Amino acid sequence: MSERIKQIDILGVVMWFFRAAIIVAMLWGTIATLMDNPYSAKAWTDTIVAGIAQGSLYALIAIGYTLVYGVLFMINFAHGEFFMSGIMTSTIFIAIPMSESGYLDANPVLGLIIIALVTMLVSIGVAILTERVAYKPLRGAPRLVPLITAIGASFFWQYYFRGLYGSEVKPFPLIDSIAGKMTIFGIEILKSQALVIVVAIIMLIGLNLFVIKTKVGKSIRAAAENKDVARLMGIDVDRAITITFTMGAAMAGIAGVLYALVFRQVHYFMGFFPGIKAFTAAVLGGIGSIPGAALGGLLLGVFESVGPALFLEGLGVPSPHQLKDVIAFTMLVLVLIFRPQGILGERLAEEKA
Amino acid sequence: MNKSITIKDIISKGLIAGVVILSLNVIGFITLLGERELITGWFSLGHVFLVATPMAVAYFTTKNMDYESKAKPIGVGFVIGAVSAIPSIILVFLETNTDLRQFLANVSPALTEFLTFGQGVVAGSFILLLFFAVMSALASFVGLLDKKIQHPLVTGVAWVLGIATFSEVLLIRIRDTFGRGVAKFIFEGETLNPIIALFIFLVAAGITLWWDQKGDGIKVTFAGFSPQKKKQLSKGRSLILMVVILFLPLLLGSYLTEVTNNVGIYILMGLGLNIVVGFAGLLDLGYVAFFAIGAYVMGVLTSEGALGLDIGFTFWTALPVAVLTAILFGIILGVPVLGMRGDYLAIVTLGFGEIIRVLAVSDVFKGTLGGAQGILQIPKPEFFGIRLVQPEQLYYVVLGGVLLAVFIATRLRDSRLGRQWMAMREDEDVAEAMGMNLVATKLMAFATGAAFSGLAGAIFASKLTSIFPHSFNLIISINVLALIIVGGVGSIPGVFAGALILVGLPELLREFAEFRMLIYGVLLIVMMLYKPEGFLPDERRKRESSTDEELSLAEN
Chain A
2 MSERIKQIDI
12 LGVVMWFFRA
22 AIIVAMLWGT
32 IATLMDNPYS
42 AKAWTDTIVA
52 GIAQGSLYAL
62 IAIGYTLVYG
72 VLFMINFAHG
82 EFFMSGIMTS
92 TIFIAIPMSE
102 SGYLDANPVL
112 GLIIIALVTM
122 LVSIGVAILT
132 ERVAYKPLRG
142 APRLVPLITA
152 IGASFFWQYY
162 FRGLYGSEVK
172 PFPLIDSIAG
182 KMTIFGIEIL
192 KSQALVIVVA
202 IIMLIGLNLF
212 VIKTKVGKSI
222 RAAAENKDVA
232 RLMGIDVDRA
242 ITITFTMGAA
252 MAGIAGVLYA
262 LVFRQVHYFM
272 GFFPGIKAFT
282 AAVLGGIGSI
292 PGAALGGLLL
302 GVFESVGPAL
312 FLEGLGVPSP
322 HQLKDVIAFT
332 MLVLVLIFRP
342 QGILGERLAE
352 EKA
Chain B
18 MNKSITIKDI
28 ISKGLIAGVV
38 ILSLNVIGFI
48 TLLGERELIT
58 GWFSLGHVFL
68 VATPMAVAYF
78 TTKNMDYESK
88 AKPIGVGFVI
98 GAVSAIPSII
108 LVFLETNTDL
118 RQFLANVSPA
128 LTEFLTFGQG
138 VVAGSFILLL
148 FFAVMSALAS
158 FVGLLDKKIQ
168 HPLVTGVAWV
178 LGIATFSEVL
188 LIRIRDTFGR
198 GVAKFIFEGE
208 TLNPIIALFI
218 FLVAAGITLW
228 WDQKGDGIKV
238 TFAGFSPQKK
248 KQLSKGRSLI
258 LMVVILFLPL
268 LLGSYLTEVT
278 NNVGIYILMG
288 LGLNIVVGFA
298 GLLDLGYVAF
308 FAIGAYVMGV
318 LTSEGALGLD
328 IGFTFWTALP
338 VAVLTAILFG
348 IILGVPVLGM
358 RGDYLAIVTL
368 GFGEIIRVLA
378 VSDVFKGTLG
388 GAQGILQIPK
398 PEFFGIRLVQ
408 PEQLYYVVLG
418 GVLLAVFIAT
428 RLRDSRLGRQ
438 WMAMREDEDV
448 AEAMGMNLVA
458 TKLMAFATGA
468 AFSGLAGAIF
478 ASKLTSIFPH
488 SFNLIISINV
498 LALIIVGGVG
508 SIPGVFAGAL
518 ILVGLPELLR
528 EFAEFRMLIY
538 GVLLIVMMLY
548 KPEGFLPDER
558 RKRESSTDEE
568 LSLAEN
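From first to last, the protein sequence lines are chains A and B.
The opening residue of the first sequence carries number 2 in my numbering; numbering runs sequentially from there.
The opening residue of the second sequence carries number 18 in my numbering; numbering runs sequentially from there.
Keep in mind the hints are simulated off the structure, nothing from the lab.
Computed from a predicted structure; not experimentally measured.
The C-beta atom is built at its ideal place from N, Cα and C for all residues, glycine as well.
Take the hints with a grain of salt, since some may be wrong.
Below, simulated SDA-like cross-link-like pairs (lysine to any residue); rule was C-alpha separation at most 20 Å, straight line [unchecked claim]:
#1 K137(A) <-> K548(B)
#2 K171(A) <-> V261(B)
#3 K171(A) <-> F134(B)
#4 K171(A) <-> I144(B)
#5 K325(A) <-> D380(B)
#6 K325(A) <-> A389(B)
#7 K87(B) <-> L161(B)
#8 K137(A) <-> V119(A)
#9 K548(B) <-> P143(A)
#10 K43(A) <-> M183(A)
#11 K383(B) <-> Q323(A)
#12 K201(B) <-> G270(B)
#13 K137(A) <-> A122(B)
#14 K137(A) <-> L117(B)
#15 K548(B) <-> P138(A)
#16 K216(A) <-> V200(A)
#17 K171(A) <-> L324(B)
#18 K137(A) <-> Y547(B)
#19 K214(A) <-> G235(A)
#20 K325(A) <-> V375(B)
#21 K25(B) <-> L117(B)
#22 K383(B) <-> Q394(B)
#23 K397(B) <-> L324(B)
#24 K325(A) <-> G388(B)
#25 K137(A) <-> I33(B)
#26 K325(A) <-> V539(B)
#27 K137(A) <-> V539(B)
#28 K137(A) <-> L546(B)
#29 K383(B) <-> H322(A)
#30 K171(A) <-> K219(A)
#31 K219(A) <-> M204(A)
Computed Cβ-Cβ distance ranges for the label pairs, DEER-style [unchecked claim]:
#32 L111(A) <-> A530(B): 40 to 50 Å
#33 I23(A) <-> N454(B): 39 to 49 Å
#34 D229(A) <-> F134(B): 21 to 31 Å
#35 L355(B) <-> W45(A): 36 to 46 Å
#36 D229(A) <-> T427(B): 48 to 58 Å
#37 S483(B) <-> G126(A): 37 to 47 Å
#38 I107(B) <-> D229(A): 52 to 62 Å
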């Protein structure tokens, strides 16, 4: 018994040492970078704004993970593919032809709304199909089983869409009215980035209100709390789950449109890393919580964007921007070790974590 | 259980089959396989895949249906086939009348040509409809036949298709063994001669027929043998197996041995991941990290290029260092995740795998690991002064590794530690309450898994003579995971089966290369839905799953 306690202590000490080492390294790097001061204030602002825009995208995608995890306790590994499928399809069938005919530049608002609607529809379709075929028959199966089908679904969709549209990168057309920069509060910002941030905020607030205020939202929250009891209360749990997937996929679709506006290209593999990053964001903010996903997304975006220059450059790491992903994944590991409930999450019960 | 079938059922089933075929068509799967002719002048692999879906749907729909006369199920099959052709016919009309190709990369005139049998749109569509309908009716008809006729028939067709599919490989073997003349007689170009195909069908069907009648008798005779004789027989069988394994390269020839070596490396990794996922129930998606570490250690220690340390390491002395480094990293990466369970563990390990890969690509370690250019000029292993250059020679290195790994894995499974792993897999909390040291048990699982993977990586580096960070991506982790799931989680023979199916077959069927990951995805889903215990499940698990309906993967 005493030996056992000692072991945990040693492990605890190792973990504490690990945590301290990371914090010291971060501080050291930050101080060294700031002393050196290689970038202008404008460069920092640009980096932070880009980080916020990127973070807004992560937040929108993270919603899907958080909602599904909240209800089904499963990591929907294929969620990144919901994000990819919609914008791939609407880029090829809607955006490019509309841009070639000049419609998109003449009516950018209506054009973008049509693109967004088609994107959401396709994303939702892919999500519902995946849910029906790969997840629904596995309700009540051990937790790892749906995770493995989700991995399978992810690869299936990636290569399915590669077969459909080809493996090359497709350019998303430039829309004149959102090209270039604008100035808000004295900060120069790309118009597309501003659009991303504004749309993300509206969508996140709208979704949160939907889940809190409406009856459908209530049924989702009830299903998340306890499926059996929800069923006894007359709630159609399967319908609630389908709606959960629908909402997550719709948000992923919107994120896809915004992604295409900022990065101006789409690709069959584009969903994979944003998907994993968004999952990280959801965990960071506290999985199961919508404000948590928003906060986690923002934090992750900013860290990823500022981190390489701020923490790593001062440590003398060559070309630190290559290590953006390392920062994101290290954040995931740190959060899971030291605060698995996330920033805004409640402590998950043993059965959930 | 007989069911009556409504018209609505028939049409909806036909349409589902039709949509599946349509999907296969638009992603270019069928056109690609259409280039692979199976029997000269008759049909291609594309035709087989095209018509397989409606045939399967027709077969399973009519198998258990009520009927007064045989015409009814055959008619149902006919209608299902005809309906399932409609989406593809619409596609053909769309393709010829609009410019679909600017949207869908694989909807091309070649597809139309293939779907209409080169007979023009109208006549071709009619032929396609008839082809689907007749073949589906045939499938229904076969479903009605007596088992005695059905079994030999299906076996015969399966053999013909199998031999024709692998003709490319068989052709090389036959040509090298029996000479060009024999090869030319059997295969025209790379496709099977129709007469030979008929011959193969007759032989396979005949043997099956004979076995169906006499096989039971032989089994009874065998069961009647005395235990001693049985023991002798099984000894003889293992002896034959050993000799075959020992001389396999001679049997297979250079190309197939190379394929076998690749399969062997995946078997090594599979055996390791099987310990982590199958025995201990820890889903590790970053398994490729240890493979990379093994490979890089081997590369850095032995490379004769600019990046080699040149401190006198040979393959054999670097091998233990690579394995030990992998074990060390297994423990280092294992410690932070000790408290995590299930899906969180999966994502974090995936993150670790990516971190290792990104670090290897980045400029941070460019001086030692070569960045994106990787490490070149790694020497092949040397054995008593002989440099093992040929795949036939390298086979024995891989074989040695695999045999060692199988031995260790089997012994571990039956050891105290193995039982602890399985107890942990079933329920961590209960295992801990029983006084088990979870920390040590988990770390042992990670370390052992990492050791196998590191060994595989080291052999891989030496076999390839150059390594690039891009060969250590997530896809490898997924491949290994898929192969142990297909074989049967926790089953050692399952790893062999899984590696042969998922790594060996695609190497032989290079037509599939582009769709390999798509097929893996489907396979993962289908296995989890219908056969979660895998093709060769572990004995213990089989017993478990026969007593209750629980799916066999660890719950945690």
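Hints, verified against the model:
For the suggested pair K137(A) and K548(B), the alpha carbons sit about 16 Å apart, so the restraint of at most 20 Å is met. For the hint linking K171(A) to V261(B), the alpha-carbon distance of about 51 Å lies beyond 20 Å, and the restraint is violated. Among the hinted pairs, K171(A) with F134(B) is inconsistent with the structure: their alpha-carbon atoms are about 33 Å apart, more than 20 Å. The suggested pairing of K171(A) with I144(B) is violated, with an alpha-carbon distance near 37 Å, which exceeds 20 Å.
The suggested pairing of K325(A) with D380(B) holds, with an alpha-carbon distance near 13 Å, which does not exceed 20 Å. Between K325(A) and A389(B) the alpha-carbon distance is near 16 Å, which keeps this suggested pair within the 20 Å criterion. A threshold of 20 Å between alpha carbons decides the hint, and for K87(B) with L161(B) the separation of about 8 Å falls inside it, so the pair holds. Note on K137(A) and V119(A): the hinted pairing is violated, with a Cα-Cα distance of about 25 Å set against a maximum of 20 Å.
Restraint check: the Cα-Cα separation between K548(B) and P143(A) comes to about 14 Å, which is no more than 20 Å; the hinted pair holds. For the suggested pair K43(A) and M183(A), the alpha carbons sit about 14 Å apart, so the restraint of at most 20 Å is met. Annotation: proposed proximity of K383(B) to Q323(A) holds, straight-line Cα distance about 12 Å (limit 20 Å). At most 20 Å may separate the alpha-carbon atoms for a hinted pair to count; K201(B) and G270(B) meet this at roughly 19 Å.
Between K137(A) and A122(B) the CA atoms are separated by roughly 32 Å; this puts the pair beyond 20 Å, and the hint is violated. For the proposed pair K137(A) and L117(B), the alpha carbon gap of about 34 Å is over 20 Å, so the pair is violated. In summary, the hint linking K548(B) to P138(A) is supported, as the alpha carbons are separated by about 13 Å, within the 20 Å threshold. A C-alpha spacing of about 25 Å is found between K216(A) and V200(A), which places the hinted pair above 20 Å, so the restraint is violated.
Pair hint K171(A) plus L324(B) does not hold up; C-alpha atoms about 38 Å apart against a cutoff of 20 Å. Restraint check for K137(A) and Y547(B): the C-alpha separation of about 13 Å stays at or below 20 Å, so the hint holds. Note on K214(A) and G235(A): the hinted pairing holds, with a Cα-Cα distance of about 19 Å set against a maximum of 20 Å. Distance check on the hinted pair: K325(A) and V375(B) sit about 9 Å apart at the alpha-carbon level, within 20 Å; holds.
A hinted pair counts as satisfied when its Cα atoms are at most 20 Å apart, and K25(B) with L117(B) does not qualify at roughly 31 Å. Only pairs whose Cα atoms come within 20 Å are accepted, and K383(B) paired with Q394(B) is accepted, the gap being roughly 16 Å. Taking the CA atoms of K397(B) and L324(B), the gap is near 16 Å; set against the 20 Å cutoff, the hint holds. Restraint check for K325(A) and G388(B): the C-alpha separation of about 16 Å stays at or below 20 Å, so the hint holds.
Taken as a hint, the K137(A) and I33(B) pair is honoured in the structure, with Cα atoms around 19 Å apart against an allowance of 20 Å. Pair hint K325(A) plus V539(B) does not hold up; C-alpha atoms about 32 Å apart against a cutoff of 20 Å. Annotation: proposed proximity of K137(A) to V539(B) holds, straight-line Cα distance about 16 Å (limit 20 Å). Annotation: proposed proximity of K137(A) to L546(B) holds, straight-line Cα distance about 10 Å (limit 20 Å).
Straight-line distance between C-alpha atoms of K383(B) and H322(A) comes to about 15 Å, which keeps the hinted pair within the 20 Å bound. Proximity of K171(A) to K219(A) is assessed by CA-CA distance (about 40 Å); at most 20 Å being required, the pair is judged violated. With a C-alpha separation of about 18 Å, the suggested pair K219(A) and M204(A) falls inside the 20 Å cut-off, and the hint holds. Between L111(A) and A530(B), the C-beta spacing of about 43 Å keeps the proposed range 40 to 50 Å intact.
Here the CB-CB span from I23(A) to N454(B) is close to 27 Å, at odds with the stated 39 to 49 Å. The given range of 21 to 31 Å is broken by D229(A) and F134(B), whose C-beta atoms sit roughly 56 Å from each other. For the pair L355(B) and W45(A), the beta carbons lie near 38 Å from each other, so the given range of 36 to 46 Å is met. A hinted range of 48 to 58 Å is violated for the C-beta pair D229(A) and T427(B), which are about 43 Å apart.
About 44 Å separates the C-beta atoms of S483(B) and G126(A), a value consistent with the hinted range of 37 to 47 Å. Between I107(B) and D229(A), the C-beta spacing of about 46 Å breaks the proposed range 52 to 62 Å.
In this structure, the earlier hints numbered 2, 3, 4, 8, 13, 14, 16, 17, 21, 26, 30, 33, 34, 36 and 38 are contradicted, and the remaining ones agree with it.
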